[in-house]
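Asks: Work the whole structure out from these sequences, hints included.
Just so you know, the sequences run in chain order A and S. Sequence positions in the first sequence follow numbering that gives the first Met the number 0 and run 0 to 345. Sequence positions in the second sequence follow numbering that gives the first Met the number 0 and run 0 to 345.
Do not take every clue at face value.
In the EDC-like style, the derived pairs of lysine to aspartate or glutamate whose C-alpha atoms are separated by at most 20 Å in a straight line are [what the hints assert, rightly or not]: (1) S:139 / A:256; (2) A:280 / S:256; (3) A:191 / S:73; (4) A:139 / S:256.
It is worth saying that the hints were derived from the structure and are not from the lab.
There are 2 protein chains.
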Amino acid sequence: MGAVSIALDAMGGDHGPSVVVPAALDALKAYPNLKLVLVGDKAEIQNELSKFNHTKTPRERLQIQEAKEMVEMDEPPAMALRKKRDSSMRVAIDLVKSGECGACVSAGNTGALMAIARFVLKTLPGIDRPAIVYSLPSLKGHVHVLDLGANVDCTAEHLFQFALMGSILATEVDNLPNPSVGLLNVGREAIKGSEPVKRAAELLTDMPDKINYIGFVEGDDIYKGTANVIVCDGFVGNVALKTSEGLIKMIVHMAKEEFKKHWYGKLAALAAAPVLKNLVKRLDPNRHNGASFLGLRGVVIKSHGNASIKAFSHAIQVAMIEAEKNIPDKIRLKIAERFGIVNHEV
Amino acid sequence: MGAVSIALDAMGGDHGPSVVVPAALDALKAYPNLKLVLVGDKAEIQNELSKFNHTKTPRERLQIQEAKEMVEMDEPPAMALRKKRDSSMRVAIDLVKSGECGACVSAGNTGALMAIARFVLKTLPGIDRPAIVYSLPSLKGHVHVLDLGANVDCTAEHLFQFALMGSILATEVDNLPNPSVGLLNVGREAIKGSEPVKRAAELLTDMPDKINYIGFVEGDDIYKGTANVIVCDGFVGNVALKTSEGLIKMIVHMAKEEFKKHWYGKLAALAAAPVLKNLVKRLDPNRHNGASFLGLRGVVIKSHGNASIKAFSHAIQVAMIEAEKNIPDKIRLKIAERFGIVNHEV
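Replies: Set out below in structure tokens:
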């Protein structure tokens, strides 16, 4: 594959340049075809860069693009969109819009990132709303779940579009010719569920040749690995994701308590530590860091706000893969094929 | 407290009398004020009873009530309601309606149990729909979550009623004078969420003296123990519960894999086994077995379909406590106080 250029919002997230800059250098070392543009306060970025050994880091593939403002983590999306035209987030997205970069990554305010990305890049023809998709671990590897919070109310058509987009993503990213797609519901029987979910099932059943729709799935199917893609509205997806995060934290806490409780606990903890460390690593949400905003005319990746250097590098990798595969164009083509929409390349 | 009589659907669940009968005998031994009525196939129940030592089990507080039919686990609720007037489930609920029993417990088909309970017992004045409430473990003890699947679509008024009922349940069952109540949402900010959730927040904020409403909570707050009661619609609650079950299973599976993967794994597993066993026990959903159908004119408790003997005994205990505290009447009084509805005792 040819070179791919990615814009990074250097100021976003809880840690800003202190995480984004070293993550960028790590990614450049790992991927020889990668070019990066660090967007933000030039002085701060250069200061961060100066901490690393110049000869060992491949800076010829690294640019800095000045942006004088930044979006705060708690800033209302509408404010960030209207008032901060020179924010690092906005400038990074502008670089995708202009075609200078094939994707952008930000660890900033999710609502603002979505609002700006939608405004600048626009949704693809035939897609009403972008969805946030994230890869969760499962007993069979991983599962792409969408939407995870962009849309609290979804119609059947929205869910149908999410299914289509998720299916394309899994095909391209996981090299699956025919990924299975399930609709998240409160039971497997056709009579169960809310009206939009039941109607979405009908829409998906009507096009069996285009999507490998396997029917309703339930909450536990996420981690069972029943499907390659699981579709739900953003309210349900967000609750499922955050409930999982909370449960993992509680289990880790309880495990520590149990080890402390017993006289042999210290010994057992010592013996089990390397094993449990691996386990916690497998469950670490940072390991899968990088949520995609699917349905836009460009690749936008959201990193966890408090991502580590390694986690932010992973988000860069996700952006690189989606840019190389040109996911937005694959979605455009599939939608055109499905609905007969004629449109120009994105 | 005086004696309390509870009807048990002996035929319900995956195991029927082979679990319900020994669980009943255990409960009778544990609670000297308890009386139980086993409802179902008399021959089968007696056969099961004959396996236990007569002199050691307190059978003077045990009755058998014949019911010739049973509701199948996959039977449509409407069919069960219309066609099976002599099912063990229906007869158990009838015993609550007639006042012969203060509560009933069934491990049978959830949808059928809800449909029959609603039809026979009716909802309380001022309550539009019953909700399923369940106690989940949290870092601070436990949290009552409702609704867990009875209502896939909820209005703001339904959510408000759930909050009121959950608050009363926590007050009575946990002896908390002023339990905290949170509304499950996708963020804490007032602008976030679906319309019913935002409107429910307004309704709850308008009556601060009656409910200790603490605002929006997110998925991870369930296990953090942020609130004593968490309210959501049945779709979201069901997904959160089942996602949690699936995640726990995946973690247990992964832990076993990790222990197997390493040369010292067997040793570590041996050392850590008693500790991890305690941990798994704390997370076991059976430990908290017994979901209440709140909002009916009577106490109805749903046991997990594949509950163990111990777990079914726990569901009997939940029924006993709610019958002793007369939760339906407490809800009736609070609603009357809130809305000025005058009604007779339930």
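Asks: Name the hints, by number, that the structure is in violation of.
Replies: none
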